[in-house]
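Colleague: For reference, the chains in residue letters:
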Amino acid sequence: MSEAPPTFSESWHRIANQRISLRQGVHARRQSFRGQRWIVLENPLSNQFYRIRPEAYEFVARLQPAKTVEEVWKECLARFPDTAPGQESVIQLLSQLYFANLLQYDQATDSAQLFKRYKKTRQRDLKAKFLNVMFMRFPLLDPDEWLVKTMPWVGKLISPAGAILWMIVVGLGLRVVMEQFSELKDQSQSVLAPGNLFLLYAGLIMVKSLHEFGHAYFCRKFGGEVHVMGVMLMIFTPIPYMDATSSWGFRSRWKRVLVGAAGMIVELFVAAIAAMVWANTAPGNLHNLAYNIMFVASVSTIVFNVNPLLRYDGYYILSDFLEIPNLAQQANKQLRFWVERYAFGLRRAESPVQGAREKLWLTTFGITSGLYRVVVFSGILLFVADSLLLIGIIMALACAISWIAVPLVKFVKYLTTDPKLERQRSRAIGVTSLVAASLVILLQLVPFPNHFRAQGVLEAKQWNQVVNETPGSVETLLASPGAAVKAGQELLRLRNPALELELASARASIDETQARLRQAMQEASANVRPLASRLEAVSKRLAHLEKDQKELIIRARQDGVWISPQIKDYVGRWLTRGSSLGLLVDPSSFEFNATIVQEDADRLFSSTLAKTEVRLFGQAQTALGIHNYKVIPGEQRLLPSAALGWGGGGEIPVASDDPQGRKTVEPFFRVRAEVKSSENISMMHGRAGKIRFTLPDEPLLPRWIRSLRQLLQKRYQL
Amino acid sequence: MQTPTQFYRRTQFKAPAVIHKGLDGLVNRWIGYYQRRDAIVKTWWGKVEQVEALASECKDLGERALRERLSGFLDTYRRGGRNLDNALIPALAAIREASDRHLGMRPFQVQILSAIALHNGYLTEMATGEGKTLTAGLVAVLGGWTRHPCHIVTVNDYLVHRDATWLQALYEFCGIRVGYVTGPMKPEERRQGYNADITYTTSKELLADFLRDGISVGEMREPSRRLVKQMLRPQLTAQEGLVMRGLHTVIVDEADSVLIDEAVTPLIISTQKENQSLNEVVGIAHTICDPLVPHVDYEVNARYREVELTKEGRKKIEDRCSALPGIWRGTSRRTELIKQALNAREFFLKGKQYVIVDDKVVIVDEFTGRPMPQRTWRQGMHQAIEAKELLPISPPSETIARMSFQRFFRLFHKVCGMTGTASEATEEFWQIYGMPVVRIPTNKPCVRKQMPDRVFPDEDSKWVAIADEIERVHRAGRPVLVGTRSVAASEKLAALLEGRTLHFQLLNALRHVEEASIISVAGETAHITIATNMAGRGTDIKLGKGIAERGGLHVIATERHESGRVDRQLFGRSARQGDPGSSQAFVSAADELLKRFLPAALQSRLAAAVRQNLPGKELLARIAFRIAQSNAQRIAFKQRQAVQRADTWLEEALSFAGGGNN
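Chains A and B are the protein sequences, given in the same order.
Read left to right, the first sequence gives residues 0 to 717 (numbering that gives the first Met the number 0).
Read left to right, the second sequence gives residues 0 to 661 (numbering that gives the first Met the number 0).
This is chain B alone, in the form it adopts within the complex (with noise of 0.2 Å):
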């Protein structure tokens, strides 16, 4: 039986933070850099030596004197109320020691820092492998006590199973119930799940259940109207089998590419409903572009990804559609869908942003590397590429609800989050979700020797030459991770390792089954790993035995990413928990990054220096890719900033279609 009160919490959730612009905007920012100034981290290392001084008198508390004071703490944090912050400091202690006692860790003086943070709500920047789980934990059986829904956004489904049960025992001694939610769970194993008190679940779980509960909800989505309706007609309400308890507290790991790099990309509800007019003109639009000549019928802009068609082009098109009936009349149609196949030619390419399996377009993620076989591109685009690529044309799936996690995670009452990446995007964090980053200091110094970047004149020699570093090594008897960009460089230099005669594995989107065992192994003796983005964030390499002393993993990026966030992290596989380790990345003065994103004055000077082998090549190289990664990451917050501004105006202007928050 719920409560009026717990009923109504399911549908009431906070109106997204208005985002502040012009002379607010400006004071806005001062806010921010307060809330990050260095002064609060110094307050709270008051508040972790307070909770060090009451280490000896927990450790004294028997067994059940802790459970006591630890079920204390449960029935003060759920009344709520002023006398929160003086629980807090004997409260940490307490949790402290039961970490010890049940899970066999105590948790470092940093992550108490870090819970400290995270329990007001900032993003806490720290290391790789500096133990974030056990930190999100202790702020858990915080937001546990509270009874207010609490969820813990991980990265996979793997992730989620493992800590939910690792931590179980802690969260057990606390009084907490602990559940989870995986993909392939049914929807009454949800609901068990959401109806713990804390709750691990992947990002993309928690916005598709919130969605579903959003669609069986239906129109009369307002709490109180909705409350009302369920007092009148209590049966109506009964039957609508909602999974959540609601929205209040949510810890999110790896919070910048849940919150950043994934966040325009919207979470579509739909379902696929046959339209065979628009297979037909798919078809069509392909085979009319098919002659056509980039440079001769359109032109290319690669920054933007888009193509213009030229007078020519536009000539040979209105003489070929002349003699096709209908939508191929007018031009404006037209133009939209030749535009869309020339797109999937030009921008969509096999082997880097999508693989085909089983004769079916499978979408790769451009941050992670991984196979996303749910996702489809939006309508059109989708059967414009398996057209191109002559596969049987998928019927386009119809959307039933729609949302970025932007938005989703801007409807929480209380958001914070870690990650070992942040501090590119703090403005970003604080401008869109009003979480303020602070960093960290790790537990052990990091022992990482990252050297300088490799700059060659083109590409040929750039896989040459990490072929001949890869041999070295190898040969030196150290495990190497060499990470590329898409599933067809990977290829490219499994080949490459191939004609060596060197024995290697290969992790990508193709192959990504067998990642657990691969990454098992991946730090044993001279063992060379080729992966995607797929073993970056989130991968944990454990290295063999004596591997320490030869100097740990070596990892080698072979080319820069748009976000420097997500170099760092594939860096971050190598010297963790103050291991030792090395990483180097191998760049060309024609990668695809500084053609996209360097002004033309630039990369021609940049080629000729190194062309030369001029003395400053390598200074000259890393101030191109800071500048081409600063631009790549300017106009992709542009881009998520106009997607936000998109959605906002849509809420406002669609307000007569039901407010809904889908």
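Bound-form chain A, shown alone (with noise of 0.2 Å):
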């Protein structure tokens, strides 16, 4: 429980003879937000929003100027004796109301000030724009009246029937997408080819402009006024914006969501309508850029719109949803309560909710979107930096300044002079110093285990090709296909009708010269030399050919077994010469041929490594032993196998001239590892997998440093 301020102020005589009462045209409704009435008090001239508990508006209801305060809180407090607001309540409320321009008292003011709070105002707000430099906003026109005579024809369409006309646009154009997947696909990777994003940025443009239009008319339809009409810079892409925020008086929280999320609505609508578009035009402009419309509103929609984790739609309609104003600030609250109530020890630390649920939410909503806006944030910052370096550089650095710097300094003067502390400060320092140091120390002392994978493929380390050395169709498998075979063995015939009918041609050739040369010898001497060395020509020649007979059939030459999946196709069929056969695999002993990259080369050479296994695909549970391995120094740039490219499905960027996908982009380092075998594992030549590094444990922060320089230097050559 927490405690009331005091009923009696010190400051009440400053009040107490005044006639103040609320300024004429301030509208008060009631609202109901979990269940707790509240009263939103609202200024139609500034659109400023005030929200009072109805205790505090019982007073302030009160207010006229024929009364004094004093007169009015003396009547309260004897009307409501325990819940009528105290002199300090009275104060602290008024003031606010008085900042909130919602008081109207027949003093002259303090012109100076006034105008001091005036400069104030003015400094902070260029101070929050500058430390919001990725949604800068600059307010043009007042669209209010062309909303409310325009009203007349859209707003019809806001309206059931719109709603059945938006639910069948819709269908119609899921249906298209649904259709078209594969070609929506195909599409999709051109997206951000440069020739396309000046379409992009059209097709943004279109839809965000619409998107706020639907904000605003939602929002007129349902009474609220929309005075604000600008432009904002959205990481320096300037995207119309639109101030809604007078739909918070709304007294129906299903209307704040409604007018929250007009903006998808519409986008949604347009995506549809673009789809079809899209799927009945030939390729060509409009094509393309009904393509980019669909593209942004519905990739947009559901990566920025729809997440509450950003101050997006999706942000506020959860907010109004759970009636929880103000849901980031809160959320920070109820995280900074939990520290302080329990790690700081400070028993009057107060949460900002009551309900468990709520806690809950906030809790939940806090942690997620301070991660989740860490990670958007710095995919934001690569991505800039990666095409415009130095703007990505004062980016990261004003990042830094208003995330880490900022909150630091503000956290350690929290800490060392913020009175709330005032009883707690040793604990709070000593709690936050524990929790800093155990954090250096885990990061920078306790070694942890240390360990990069490569992928790779397993290789017999004696293998043979099987290659025949004759061409010949194939005519029978003499062994089959995954046997073992030995040395010598016969592993399939070849026939070859030509080479058969050259050795007979040379047979009956060598048959012709020996007649041949019986005779001579008989008749004509002269003729017995030549012909001599012919038959000694044909000879050779007929040696040859058997010899390639004899090679028709071809035999294993070494132990191992054969592999050849596709062989049995190969029966009559025609080979030329040096065909594959297969392999032949010695399966006695494999190595597992790695490519490491070069961010993980340094470590490979620096350390001793402690252990080292290997991982195959399809039987990750399995670890291969490794006997001992072998850098091959010198960087390479070949591929062992395609398999190991991003064409082959692998990890690894391969060029995209090269049809047989084994050349990357990058070189590589090669590691040969013998594998021990295991009985488990069906070792097969040429399986890929992962081999794992194990280096001696060695603490994260500095492992981090290294990776986040070896990430700026590879990207920007710092």
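These aren't lab readings, by the way, just hints derived from the structure by calculation.
Where is the CB? At the ideal position from N, CA and C, for every residue including glycine.
Treat the hints loosely; a few may be bogus.
Simulated DEER-style distance windows between Cβ atoms [what the hints assert, rightly or not]:
| # | chain 1 | residue 1 | chain 2 | residue 2 | range |
| --- | --- | --- | --- | --- | --- |
| 1 | A | 431 | B | 516 | 53 to 63 Å |
| 2 | B | 25 | A | 434 | 37 to 47 Å |
| 3 | B | 230 | A | 118 | 28 to 38 Å |
| 4 | A | 445 | B | 448 | 22 to 32 Å |
| 5 | B | 37 | A | 432 | 35 to 45 Å |
Derived coverage of chain B by chain A (criterion: at least 3 residues anywhere in the stretch with Cβ under 8 Å from a Cβ of chain A; other residues may be distant) [stated by the list, open to error]:
| # | region |
| --- | --- |
| 6 | 329-337 |
| 7 | 386-399 |
Two independent chains are provided; combine them into the complex using the hints.
Modeller: Right, dumping it as structure tokens:
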């Protein structure tokens, strides 16, 4: 239970005799948030809102120029002895109403004070703008009048009939998308291609303008005024925006949710129409534009708008839906409460909400949105820095200042000087230093398991290509593929009719030459010599041919397993000389041929490995031990197997101009490791897998710094 | 007939300077270091030498020539502008000569030095008895010549009257009218006092008159608007009857007391209004609290002066309140009232925070030990204490105007001040008032023997040792001044000495009438004087005949104060103006100061060390008290800052309720 501010205030005399009241034209509306009643005061002139509790409203509503504040206060106290606000609360309340410009008073104000306030507000706005460089806003014009004028036409769409129309169109659009999903996917690869950027941006502007008008029209339809429209620089990309905060005053939360969702409703509608246009046009500008609109309207809606973790529509919808205004601040307060209450032992710390469910919501939201922001923004930073290094650095600096330096300084100041902590300061500082110290120890001193992995393929240590030396068509398989064979064992027989003919002709030619030789020895001795040399030549040829014929029977050159998955299909097929007929692999010893990317090479060379093991894809549960390994010194650019490259489903980027998909973009290092065979694993030549190098344990922080530096070096040559 | 400018200046005040935070604060701090640099004192010494060089020339001037020269300066200063800087040195030389001739006192070089520092808006730390009054007079002449209102703030009415009349001859010779304002004066006399070129007064009178003027001006306070109004309808503003001429320069004597110790206690102009319901409620709250037991029903936090109800206590209260009407049904109001009653019981102690005189609760000032019959605690608390003491409950006072001294002194265009003890609060003077502190060397070296603190394990042994020590010094024929922190403590010591049949004088909030007569003989042979902090600041104890040869006055502090400055003020009663003297503090490991401001772990360690009589216990105690005092000062500074921040916020937040300065 929190302590109520004291009933009596020492400053009471300053307002006791004032005659003040609420400014004319200030609307009061009842709202309920999570079952609690609130009164929202709205100043229509400045579009400012102020939310107060009904008890406070009882007091404020009674204020009138005919009575002094003191009289009204006493009246309230007499009526509601326990709930009426105390003097201190009244002073707080009135000052806040005054700051919200909701008060009317008969005295001339201290104009210097007003001016000072104005200057302060200006300064604060400017500061906020700089701290929020990624989402700078520039208000430009007041669209309200235009909205009112066009409402008779547009407003008709915001109705049950409009909802039905929307459902039909979106349904049709969805059908188109599903029918042509594969084409859709194909085109998506070129969305960020340089040639498409202009169309993409055009689509973005169109969609976002419609999106904003969606908010504006919905808001206007339900009676809220929309006075500001302008341009927001989202990551330096100009995008329209509109201020529909007047929906804040709506009594029904569903209306508030609807205004929040209006942008997305419109976008999905547009996306559906664009999908239909895209499907029904031939490639060309219109086709492409439609595609881009569709892309923007759907992707941005999903990534940005729906997502409550960023401060876009989804956030406000969630906030309205949960009935927790200022969700993000409340979430921060809640996190702060946890820390103050339980880590710092501040018994007076107050949770911003009462219910356990709200606490859960706030906590979850606080943590996830914090993490999410970091992830998204580092992504954006890297993305921007890739194309515009200087701006990237400036942005990174800005982010570092606004997210690291400023909060850190603030936190230190809070720790050392905040009066709230006065009593628990030593504990707070103790806990913080403990956490910080243990973090440092954990990161800088405690060694953590350190390993990295590399892709590679399993290869038999001894293996041979089975190749035919003689062309021929496959006649029969003499051994079954996959079986173990001995050296010299016949594997398959080829048949080469031409060879046979040639052989026959060569034999005939020998017979003929021998016959002629015999004849010449008897009749013309002068012919003996040429014929003898001819015989010699023909015999040689015959020998060759016979060898060739012999080689039509292909034999294993070594002991091993003959692997040739497709050989059965080869029967009867003609093979030219040197065709691959599978591999002869020695199953007794294998080695793993791994490719190490450059970032990891340093670690590979610098430290001694504690342990190395290989896991094959598909049988990752069993690790294979390694006897020893050998790093092949010198960079390489040709992968041992196409399976390791992008083209073959691997992780290593390969050059797009290489049809084989083996030439890598970046050089890599090769490691050959002798694998211990295992009974559970069928060792097969060419099987891809990962080798895991376990390095000596090393603390995390040096490792992170090293990878960050490598990242910077690789990307920006810094 | 006043000129429009004079009319305008009556309500034209400086907007209090912004108190810098964050990075600005850091830069501001550096500026402060620069302003206090040693080199600045050196350049001033150069100027002092130039003044000295002019001395013989001034001496040779005839009476009439000197007067003419002085009236020439009057014109120069009145016109203002750039040549004032050049005029400073000859002007000081002339004033010095005038002082020599008409007061019979020739300002020492250190006093000239201090005057130059004051003129530059510095706060000078001058050892006690170094002639602050005359120094202020030198600067006041310069201020008076400008004809801007120049106020000299001293500690009490007696000093106001004494200083104004003492220096009158000098002022008159310099062509300046001097006035003074004291408590009992009527508005017409006050107006006369303020109409003079320079006005002696106390800070309380000054602020009270300022607030009353503010009330009579009413809502139209902005000077330009007021001027227009006066031009249109002169009869309206003629009725206002303001007493002051406005605020411009102020020279604050005992600046640390006025600007720091008492700074956040606001001065309140109030009327008493009967409030039957409050009286009843306070009575009921007292009866409900009566049976509550500490540590069972509530916990007491001594350091922060707070009580926290336990579950059991809440239940008891719940049971007792169920039969009571209206306001007692809800939790929040009820808890507030009961906590107030418990606060009254735990933290407001008879003989310490207040005394009872004629069935009335009279507040005793924490720093000066003086009774403050005009003062009341904030609404309800005073009544709660009356309920506790079973006294008739007085009607609550209703505030009409209210302002803290801190805020008030920031409205002056020029603030400067003097004190014997400023160095502890250097940073605060700079941050809040923009006054750099410099230390002025003494004219004659100080020969006070400051003996090391004596440490005791508990209160009883300490008091016995104090009584022994008093007796010893008494037998030696030296006068002794014993300072106690509270009325109760002074009474306790008095009883102890009575038991030893020693003759002594007792000076505390209950016996303050004889103050002047007690102090006048306190320096005589073998006199024993027991006093609360009353006999601190500003008390001048003259040594009797032959005392100096015996070693002068011996001062005993029976406890250390939260602020080291108050301790130093007490010690400063001895060894004044080159006289001999000695002082010593008696402390115990069970002193309240330690309990409140020393971390518990250190407390027990110190207590153990003292009990076992370990060799380093004196050093340990000195460190412990140093830590406790600096903790106490830090917390006090934080509180003053918070008050100041709340003031500023209120000013901004309630500016719709008339831009007032109160």
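Colleague: Determine which of the earlier numbered hints do not hold for this structure and return their numbers in increasing order.
Modeller: The structure breaks hints 2 and 4; every other hint is satisfied.
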